[in-house]
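Colleague: Using numbering that gives the first Met the number 0, you'd call the opening residue of the sequence shown number 0 and step up by one each time.
Calculated from the structure, these hints are not laboratory results. Some hints could be false.
Computed cross-link-like contacts, EDC-like style, restricted to lysine to aspartate or glutamate with a CA-CA straight-line distance of at most 16 Å [as the list claims (entries may be wrong)]:
1. Lys95 to Glu106
2. Lys247 to Glu308
3. Lys95 to Glu33
4. Lys128 to Asp184
DEER-style ranges, computed between Cβ atoms [unchecked claim]:
5. Arg63 to His116: 17 to 23 Å
6. Leu299 to Ser209: 45 to 51 Å
7. Gly35 to Ala210: 39 to 45 Å
8. Asp72 to Leu168: 36 to 42 Å
9. Leu143 to Glu61: 40 to 46 Å
10. Pro160 to Leu136: 19 to 25 Å
11. Ser105 to Ala55: 50 to 56 Å
12. Pro76 to Ile267: 33 to 39 Å
13. Val135 to Ile176: 19 to 25 Å
14. Arg155 to Val44: 32 to 38 Å
15. Leu154 to Pro97: 52 to 58 Å
16. Ile90 to Gly139: 42 to 48 Å
Even glycine gets a Cβ: it sits at the ideal position worked out from N, Cα and C.
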Amino acid sequence: MSVAEPFAIRRPFSVGMAAILALVCGFAAFQLVESGGTLFASATVLFWLFSWRLTAGLANLETRQRALAFVRDLAVPAIFGATLIVLWELIVRGLKVPPILLPPPSEIAATFVASGHILWADFVQTVLKAVLAGYVLGCGAGFLVALIVDRSPFLRRGLLPIGNLVSALPIVGVAPIMVMWFGFDWPSKAAVVIVMTFFPMLVNTVAGLSAAGAMERDLMRTYGASHGQSLMKLRLPAAMPFVFNALKINTTLALIGAIVAEFFGTPIVGMGFRISAEIGRMNTPMVWAEITVAALVGSLAYGLVALLERRVTFWHPSMRR
C-alpha cells in the first residue's frame, strides 16, 4: 500500500462484511425478540460476535493522518458502547426481565426525554453548584498547600500521613457531619467534595514536585536559580503529569461524593435525592436516567481534563504516540 493512501487496513473486506452481518443479525434479533427461542438466541449471539469482529478490526486500523486517527479513536468506543446497549435491550426484552429489576434502554431513554426538566434541575443543584464549587476549592487548596508542604520537611512528615488517614474516612460517615455543620443545601455537599478532592491533589502534587531529576536540580543551583525560578521552570512542569492525574481522579470522586452526600439530607432536588426517592418508589427507569446523567457528566469532565493534559504536557513521554 502506498504512503499516499490514508489507511492501511488488514483484511478490509472482512471488516466490512462484519459490519453488514452485525446489522443483519441485530435486525433479525429485534424481529424475533418477542417470540424468543433458539433463533432469537442465535441471532443475538451472532450479532455480538460480528460486532466484536467489527470493533476489533477498526481498533487495528492504521492511519498516518491525525484527523482520521481521532475519528477512529472515537468510533471504536462508540460502536462498542452501542453494541452493549443493543445487547442490553435484546437480553432484557428477550428474557422478559421485569422492568423493576432492569429496565430496557428504550424505556430509560423515554424517561430521560419525558423528565428532562427534572433531570436538568437535579443537574444544576448537584453538578453546577455542589460539585463545581467543591472541585475548584478542593483541588485549588490541595495544590496550594502542596507548595507550602514542599518547603517544609516537618509538614511533609506530619501532614501527609494525616492526609492518607483522612482519605481513608468513609464518605457515609463524613457526609452526615457536613450536613450537620453546613445545612441541607448544596454548601454541605460542596464541603464533602472538598474533603474528598483535597488530599488526592495534595499527595499527588507533593510527589510530582519531587519528580525532577537530581541532575536537573543541581544544574539549576549551579546557575544560581532561586527557589521560585527552580519551581516555575523545572519542578512545577515536572509535576504537571501528577497534578493532572489528581484532577482526573477527582472528577469522579467529586461527583460520587456529592451524590452520596445528598442521601443524608437535601432540598427536594438533586441527583442523589432523586435516586434515593425514586428507588423507594420502585421507579427504576428514573433511577437509571439519573445514573445516565451522572455517567455522561463524569465522562465529559474526565475527557476535558485529559484533553487539557495533552495540551499542557505535550512534551511528556506518555503523551507521545
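Colleague: Which hint numbers does the structure go against, in order from smallest to largest?
Modeller: Going through the list in order, the structure violates hints 5, 6, 7, 11 and 14 and respects the others.
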